[in-house]
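Asker: Now for the letters of each chain:
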Amino acid sequence: MHELSVAQALVEQIDGIVRAHGAEAAASFRVRIGPLSGVVPELLAAAFGLAAAGSAAAQATMELLEAPVRVRCQTCGAETGAAMNRLLCGACGDWHTQLISGDELILESVELRMPVTAAQ
Amino acid sequence: MCDTCGCNLTPGNRTFAYKPVEPGATTVSVLQNLLKKNDDQAAHNRAHFDARGILAVNLMSSPGSGKTALLEATIARLKNEFGIAVIEGDLETENDAMRIRAQGVPAHQIVTGTACHLDAHLVHDALHQMSLEGVDILFIENVGNLVCPASFDLGQHLNVTLLSVTEGDDKPAKYPVMFRAADAMLLTKTDLLAVLDDFDPARAASHLRNLASEAPVMQLSARKGLGMEAWLQWLREQLAAQRARVAIGQSRRPAIQQDGQKLHSASI
Ligand SMILES: Nc1nc2c(ncn2[C@@H]2O[C@H](COP(=O)(O)OP(=O)(O)OP(=O)(O)O)[C@@H](O)[C@H]2O)c(=O)[nH]1
Ligand SMILES: [Mg+2]
Ligand SMILES: [Zn+2]
Ligand SMILES: [Zn+2]
Ligand SMILES: [Zn+2]
Ligand SMILES: [Zn+2]
Numbered sequence: 001m002h003e004l005s006v007a008q009a010l011v012e013q014i015d016g017i018v019r020a021h022g023a024e025a026a027a028s029f030r031v032r033i034g035p036l037s038g039v040v041p042e043l044l045a046a047a048f049g050l051a052a053a054g055s056a057a058a059q060a061t062m063e064l065l066e067a068p069v070r071v072r073c074q075t076c077g078a079e080t081g082a083a084m085n086r087l088l089c090g091a092c093g094d095w096h097t098q099l100i101s102g103d104e105l106i107l108e109s110v111e112l113r114m115p116v117t118a119a120q
Numbered sequence: 121m122c123d124t125c126g127c128n129l130t131p132g133n134r135t136f137a138y139k140p141v142e143p144g145a146t147t148v149s150v151l152q153n154l155l156k157k158n159d160d161q162a163a164h165n166r167a168h169f170d171a172r173g174i175l176a177v178n179l180m181s182s183p184g185s186g187k188t189a190l191l192e193a194t195i196a197r198l199k200n201e202f203g204i205a206v207i208e209g210d211l212e213t214e215n216d217a218m219r220i221r222a223q224g225v226p227a228h229q230i231v232t233g234t235a236c237h238l239d240a241h242l243v244h245d246a247l248h249q250m251s252l253e254g255v256d257i258l259f260i261e262n263v264g265n266l267v268c269p270a271s272f273d274l275g276q277h278l279n280v281t282l283l284s285v286t287e288g289d290d291k292p293a294k295y296p297v298m299f300r301a302a303d304a305m306l307l308t309k310t311d312l313l314a315v316l317d318d319f320d321p322a323r324a325a326s327h328l329r330n331l332a333s334e335a336p337v338m339q340l341s342a343r344k345g346l347g348m349e350a351w352l353q354w355l356r357e358q359l360a361a362q363r364a365r366v367a368i369g370q371s372r373r374p375a376i377q378q379d380g381q382k383l384h385s386a387s388i
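Protein sequence lines, in the order shown, are assigned to chains A and B. Each residue of the first sequence is one higher than the one before, counting from 1 in my numbering. Each residue of the second sequence is one higher than the one before, counting from 121 in my numbering.
Source of the hints: derived by calculation from the structure; they are not laboratory data. The reader is advised that the hints may include incorrect statements.
As the list claims (entries may be wrong) - To give a feel for the contact side, a few chain B residues facing chain A, derived at Cβ under 10 Å:
id, residue
1, 270
2, 289
3, 300
4, 304
Please read all numbers here as calculations on a predicted model, not as lab measurements. Yeah, the Cβ is synthetic: ideal placement off N, Cα and C, and Gly gets one too.
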């Protein structure tokens, strides 16, 4: 259940951003996750609920962008989709490929709720 | 721009501080790895290793694949050639560290309690509780688990993933995240191959290639001392490569992370 560790790190990151911007709280945030990151989005969302309790991210909703698994062939240059345990070139079948998408574990953005007092 | 997280504040409420603007949402672009704090700590650990010319090797496998047995057999053969130290990660017990100390080299046990993987902070704490004097190779035996240890950089230079022949040759296909992270895959307990008719080393290697991995595959039995020389030779070469890197001020991250790194900086 390492999603809890990841969720705790995520809450800290969001908390830091809320503080750095003098915001009241985070309203929502967007993450991009690929299956080869080893993090299961559903588990992360559940763990986030636990980890965020009492923090500035407690009410924040998670928006998930699922990154597809894609490879670039080093032999023929094609860029194709692939299964996470068969990272072969979809054009020529070679296994000498480079992952170009699918292992992301990225906090893309955070939407902040700014304090009312700033507007007087 | 924000000093603490390097993000961009979209033009919004701030520019019009004296206007009665609607208090509302401001979107901050972040584009950071979720495990940035761990990754930063891992980079710090790697700097500790590089400053001392140490090669750090992270061993991962399912529980009982023979990580500690491999270390015992490796230490017995290399301890007169190199300085060796070990960090052991287990949910409970000092057993593995005691087995290593019985071989005459220092071992620090991390008892993780409930955490099913090591992280860079745990390893850093361990580093500061042990002497790295005279150490050439530091082995980190991760918690036996084929799932999450692969997600946490510890500052190691190399990942070695063990697959014992009793586990089935399809494991790289079932646990692609773990096996993709391997800089070398060791098929262990090969003395048992004779009594297992369904484990095919070539099939295990082909499942690994299907993960676009060029990692060498070595077969060995720590218990019977079979195939150890290729593994020891690989370690010698890796230590020589580490020393050559350190001499010109360079370092190395496990191969998979280099790809990930490129990818993420490209997307930013
Ligand atoms: N037949 C045979 N048994 C082995 C070999 N290597 C290890 N074993 C046995 O496998 C069992 C587990 O070995 P360990 O070295 O403790 O495995 P481990 O990966 O360190 O286990 P954890 O730290 O608990 O995850 C022990 O009973 C070992 O004796 C081998 O080469 N051949
Ligand atoms: Mg062990
Ligand atoms: Zn191709
Ligand atoms: Zn910021
Ligand atoms: Zn874990
Ligand atoms: Zn330090």
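Asker: Next, verify each hint and record whether it holds.
Answerer: Tested hints:
1. 270: 6 Å, holds
2. 289: 13 Å, violated
3. 300: 7 Å, holds
4. 304: At 17 Å from the nearest chain A Cβ, residue 304 of chain B fails the 10 Å test, so the hint is violated.
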